[in-house]
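Visitor: Here are the chains, one letter per residue:
Number of protein chains: 4
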Amino acid sequence: MKNTFGSQICITIFGESHGPAVGAVIDGLAPGIKVDMEYMKKRMEERRPQGGISTARRESDIPEILSGVFKGYTTGTPVTLVIKNESTKSRDYESISDIPRPGHADYTAECKYHGYQDYRGGGHFSGRVTAALVAAGAIIRCALEAKGIYIGTHIARLKDVTDRGFVELGADIAALDGMEFPTLSSEAGERMQEVILAAKEDGDSVGGVLESAVIGIPKGVGEPWFDTFEGVLSHALFSVPALKGIEFGAGFGFADMLGSEANDQFISEDGEICTSTNNNGGINGGITNGMPVIFRTVIKPTPSIFKPQASVSMKTGKATRLAISGRHDPAIIHRARAVVDAVTAIAVADMLTVRFGTDYLAKKD
Amino acid sequence: MKNTFGSQICITIFGESHGPAVGAVIDGLAPGIKVDMEYMKKRMEERRPQGGISTARRESDIPEILSGVFKGYTTGTPVTLVIKNESTKSRDYESISDIPRPGHADYTAECKYHGYQDYRGGGHFSGRVTAALVAAGAIIRCALEAKGIYIGTHIARLKDVTDRGFVELGADIAALDGMEFPTLSSEAGERMQEVILAAKEDGDSVGGVLESAVIGIPKGVGEPWFDTFEGVLSHALFSVPALKGIEFGAGFGFADMLGSEANDQFISEDGEICTSTNNNGGINGGITNGMPVIFRTVIKPTPSIFKPQASVSMKTGKATRLAISGRHDPAIIHRARAVVDAVTAIAVADMLTVRFGTDYLAKKD
Amino acid sequence: MKNTFGSQICITIFGESHGPAVGAVIDGLAPGIKVDMEYMKKRMEERRPQGGISTARRESDIPEILSGVFKGYTTGTPVTLVIKNESTKSRDYESISDIPRPGHADYTAECKYHGYQDYRGGGHFSGRVTAALVAAGAIIRCALEAKGIYIGTHIARLKDVTDRGFVELGADIAALDGMEFPTLSSEAGERMQEVILAAKEDGDSVGGVLESAVIGIPKGVGEPWFDTFEGVLSHALFSVPALKGIEFGAGFGFADMLGSEANDQFISEDGEICTSTNNNGGINGGITNGMPVIFRTVIKPTPSIFKPQASVSMKTGKATRLAISGRHDPAIIHRARAVVDAVTAIAVADMLTVRFGTDYLAKKD
Amino acid sequence: MKNTFGSQICITIFGESHGPAVGAVIDGLAPGIKVDMEYMKKRMEERRPQGGISTARRESDIPEILSGVFKGYTTGTPVTLVIKNESTKSRDYESISDIPRPGHADYTAECKYHGYQDYRGGGHFSGRVTAALVAAGAIIRCALEAKGIYIGTHIARLKDVTDRGFVELGADIAALDGMEFPTLSSEAGERMQEVILAAKEDGDSVGGVLESAVIGIPKGVGEPWFDTFEGVLSHALFSVPALKGIEFGAGFGFADMLGSEANDQFISEDGEICTSTNNNGGINGGITNGMPVIFRTVIKPTPSIFKPQASVSMKTGKATRLAISGRHDPAIIHRARAVVDAVTAIAVADMLTVRFGTDYLAKKD
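Heads up: the protein sequence lines correspond to chains A, B, C and D, in order. Residue numbering for the first sequence follows this note's numbering, starting at 64 and increasing by one per position. Residue numbering for the second sequence follows this note's numbering, starting at 64 and increasing by one per position. Residue numbering for the third sequence follows this note's numbering, starting at 64 and increasing by one per position. Residue numbering for the fourth sequence follows this note's numbering, starting at 64 and increasing by one per position.
Bear in mind the hints are in silico, worked out from the structure with no lab data behind them. Please note that a few of the clues may not be correct.
It does not matter which identical chain is meant; a pair holds if it fits inside one copy or across any two.
Listed next, the in silico DSS-like pairs over lysine-lysine satisfying Cα-Cα at most 30 Å (straight line) [unchecked claim]:
1. Lys134 x Lys378
2. Lys381 x Lys134
3. Lys426 x Lys97
4. Lys282 x Lys134
5. Lys147 x Lys105
Keep in mind the model is a prediction, meaning the values are calculated, not measured.
Please model the complete structure; the sequences and the hints are all you need to start from.
Guide: What follows is the structure, given as structure tokens:
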């Protein structure tokens, strides 16, 4: 049980919301990966608070690289990224540290860390830590793209507003790249933002469903048992804060289908075996089949709301009511997609490196 | 990337459908766990083909224990379970080994193993291998029960038939124990079986949704990042064949909720802090909060159907049509629940052992 | 902490001396490795008791393969080897199970397993379990040889008898292959056997020093920190029973050298960079440099001796004297070499697979 | 294969000699460990260059703690230590980066990293990185001492000068604490330093043998196969730069002993079972027996010497001669002991945490 992920590309993330910094160490990256800071900046932008629907905390968030990069390329040794915390208002956390916020990890942190946790601003559980994930993911994702592997995520649903599905994967993924509020239909995106603003006005929050696609993954990656492609990817993705479910291909929709509808039949296209449908989301028996990997994840509504809620003093057990103040997002789903993309890149790169060896990510084919 | 799971309690499963045996090695079990073969038999029965809705393959499936058990108790050294394959009809697999069955792993096996895979009856991908998972899970689950930790799963939905939800968890879990077709409402169960038989008559198959509950798990288990309770459990559960999605607590339903509806507010009950609702399924920030762990998984329709389907010769790339014959289940969801329970037991026991040390499972409190 | 080794090629060994069987599961082997049972038999012979200097226990020891091999080749899925225990005399172990034998693991087994251990014949600590290691190692070693990587070990020293050192590595390794009592000088071998027989007559036992060489390992394998080539190999080798030390290259002799004597200077030979000496045993900074990997290990004298020794009842704490009877080796060093070779093959193959990907062992160059 | 160590307490070290910083991330530390910066400073002092026998590079080396510590105690989340590089002279490394230094990792770095490595001052292979190990080890070792577990190391031999052995372990370990040149006999220490200075004057260098003791380790820690106590500790210790061998208890001396001399006979002392001798160095069958853990390691002579040596251009393969200039230690053995102590603390703490659970290090007994 660790805050470290990966068999070959091993990432540990660290830091607390109001500590000196958050960051990541990535061990096992191939030597010779180009570290493109412009690319990383773009990815960091996708995660940053945007416009009227996000928190007021704004930090430059450009990571400092402490190790593992030399003359613009990875050296093959552990890469350390550090993002200083600049904007940590010194509020009076002591007074509220005893009252756990509903939907947050305050109470489970107490159960696990027995009072030693840094409770300021969520501490190690803060969404702030995902900045390190996105930065680390950016280095890896850039290398994946050089191998022809692309990742894209859109908000498939937010309350009763539904985005259109993927049609042309290459073009759709390209269109989502860098988009502030990532939907395939701009009209759906506008309506979703209206829903978010309505919730915000009400002191409330919303969640939603993300749909992701990965194209270009070689066939034959994943294991039949335990380290299935789905299992390894899911393992990583549940680190995305507020993510509470994942489904591949037709997912929960399989419960409505017959076998004759669900099975993806095989066809031959340009001398390559593929399937005429993709209900299995690119994976059979835990192993990639060459079709795009498609999955959906659900993000629960941001737990920080301004409506008063019931809570209990952890010291005395006495019931109380809690009203959260300060800066908070009425929705994080548009920012969560940057984290989903980053974590997906990390997990996919790890599986590829296991399969093809430690130089894979930088190797010219 | 391995066919091995676990940080402390490490399980490797092995075997092929038509090879000499399937089995499991479990390393890291505490010494002093009682190995109750009657209990194991009951668990194996839950997985075995039942009545008119299951395959004709019937084997006694009582595992032989080759190591790690002495005088009826685990010794603390690796436990090896072997289940001989008795009923492997020697059909002509050669002739069809080149034509991958839609929805199966035949094609991905070829991509990964380059022709060396044992293609007879699905080989290592066969559901047969889950017998070993259930046997291994039985030893662990029995030890969990001795610590007051119980697991139960019912078929929550099968096409348009919906079972009632959990009400009294303790009683509901007890009622499901050993049930052939596990539903909480017997009427729903009967209607589901009708749906299965209708599909069977049509040469087709169905899937469904399982809902599981784990009660009695201590608070404070799981990690904030990567080895989250959800992540580790999901990692393991995607090894259940045909499982294509998982959601915790309100799961994908979170997309329809506001934060004020989704947050579980804290209350004090009998001096213990708990929550008034359990939308988070017993987990906040990746860590157990003492409420029951609740999750749902989706099982896709059995890929083996009798309707002819399109496929392609892997050698020549030529299109062909495939009609599967032989014995096959029109539904496996009622049997899959035994595997879900077993894998859940394995993953939970591993997380508990990490948290509380290698003697935990056998330690008297 | 596990009875499992390896990052990519993962091996778990199981079994007890007087249980039904010993065996191994090997996960992560490439598909397409030829499984040569004649080769394996030869390796098993190297480990078997020989002539007058070894225990009387004789078993055929040919492993049954339960999984992962099809038509004579590995499938890429876990390979399970089982060696039945045939010759387990049912002696009265109960009466002596309370008195730990000096130099054995009886007492530490009690400390760790709290009385649940199988104490008959050393249980899981028995040298018998190494039969599984040698069998597993044989499959791997055969695959390494197909890649031009050869391993050889001789008895470098046994009390005051010293074997000659390696001269022509290729020829020396070939000469050791299959040798019953592996020394490079046959005269030294004879004198060593006389020393062993003298100890035997005295009811005593001896140990010795093994020297091993691995040739043909590619350059650039190993990590600078933690998973150094030396560290990973040592980790595995301390599983060889009675092995209490390891040194690479000049080893402890470095303490007598100056830097100017110790440094291996670089030269160019046939367009390949190599070193004029090999004091570093083929490894610099934890990474292979292309020179032969050379290491020595020490095997302590067999703890089972016939002289009476002091011991203590684990139940009462009362002092007593213990006289061991039964069949026991006055030396195991000549058999230990088979285990050293096997474990070396396992560790080397794991490191190579990490470096070059999961198909490496079977891939044609 | 990773630059990360540990099953439960996981440490990754990072950084390059002439990059911005070196450091470590430690995941899996119990919450509530007191972080004593004075204690850490003392440990860092033991590693720092001292007097006339060490390099001129002097840096304050006090690590900055970026995460995982709050109000002076570990929080239970990853602890990140960063030590800035202050004293990195910008020499002309380009001109010599092509000529590998004998005994160093320059050539193997090239083999592994294909020219992307940071070659300045040894890069990631620099002894400088051990500052991070010692800092990380200090936090852990301080926690071990609070549990009654103490570690001490002295220079047992340096060329022909031999220190006295351990007599009273508690007192001897206390005496070594903080000692600049750690020997048990001050006279031996003086003579060793004379040998070092003589080598220095000659532009040469020396190595030596360290002997370490760990007292207070509970019985029953370690596994019978693979994760033996010796194996796990050795795995970690080969990360100490220049360490080329390790032996436990009587070690290579076992080759000179008979079984009757080597076996540690059991006695009862104050109601506790122990052994009358400790030839097995506190470990039987891979598991601690309650006696002090005793081991010796060999440190090769510092490879940086001022005598001209043969080398080869890695680009052209042309032979050349290399004269190393700059600041270099004629011996590092007295500094290496701080690293041996630190790494031992890390490995021991990991094994204890596996055995007794994640809170062990901070738990009051």
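Visitor: Using 30 Å as the alpha-carbon threshold, which applies to lysine 381 and lysine 134: within, between, both, or neither?
Guide: Answer is between; shortest inter-copy Cα gap is 26 Å, intra-copy 58 Å.
Visitor: Which holds for lysine 147 with lysine 105 at a C-alpha limit of 30 Å: within a copy, between copies, both or neither?
Guide: Both ways: lysine 147 and lysine 105 sit 18 Å apart in one copy and 28 Å across, limit 30 Å.
Visitor: Classify it for me, lysine 426 with lysine 97: is the Cα-Cα distance of at most 30 Å met within a copy, between copies, both or neither?
Guide: both (12 Å within a copy, 29 Å between copies)
Visitor: What label fits lysine 134 with lysine 378 when the C-alpha limit is 30 Å: within, between, both, or neither?
Guide: Intra 53 Å, inter 19 Å, cutoff 30 Å: inter-copy only.
Visitor: Taking 30 Å as the upper bound on the Cα-Cα distance, should lysine 282 and lysine 134 be classified as within, between, both, or neither?
Guide: between (34 Å within a copy, 24 Å between copies)
In terms of the numbered hints stated before, the structure departs from none.
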